[in-house]
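**Student:** Its first residue numbered 1, the sequence shown is counted upward by one per residue in this note's numbering.
Pair by pair, the computed Cβ-Cβ distance ranges are:
(1) R42 x K160: 45 to 53 Å
(2) Q147 x L102: 29 to 37 Å
(3) S93 x P155: 53 to 61 Å
(4) T48 x Q173: 43 to 51 Å
It is worth saying that the hints were derived from the structure and are not from the lab. As the structure is a prediction and not an experimental result, all values here were calculated from the model. Heads up, the beta-carbon is just placed ideally off N, CA and C, and yes, glycines get one too.
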Amino acid sequence: MTGYVATRWYRAPEIMLNWMHYNQTVDIWSVGCIMAELLTGRTLFPGTDHIHQLNLIMEILGTPNDEFMAKISSESARHYIKSLPKTEKRNFSDVFRGANPLAIDLLEKMLELDADKRITAEQALAHPYLEKYADPSDEPTSSLYDQSFEDMDLPVERWKELVFKEVLNFVPQQHAHIGGEPQA
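From just these sequences and the hints, can you work out the full model?
**Tutor:** Below, the structure written as structure tokens:
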């Protein structure tokens, strides 16, 4: 996947750092950036390019640890980060001065640098800051999307065959609430 999947200011660090496998928590990062903007009235990471963006992120979240660095597939990105002076994570209570402590706690979980440690949508909805708005009976979840096919190294002709078979086997689902006939 390309590094230009999301608008830069809201783009998760793993996209910019070319992680080979990223997941739905890229959206949680974006929501965290938007929530921070709502709390402060300004963009949290208004980078002018991806390097500036990454620098702004590290100014608040600190220099990534070795565990995180090992997940970065881009050698040039790893080299660049290692060339920077080490910085510590800033206290979110200082960054978001005057904000509800529960909002700050949720933001820290949403703006976790390591996507594998970032809060999920389900966990965010169950967080104390949002729990009074949550209705688990009206928050459907889907099964995880299996994207293992993206890791398959196949010749172009084989990909064409697979796509053709998929098109032939496709059967649209009928839903009454989406253009189907009303139920009696």
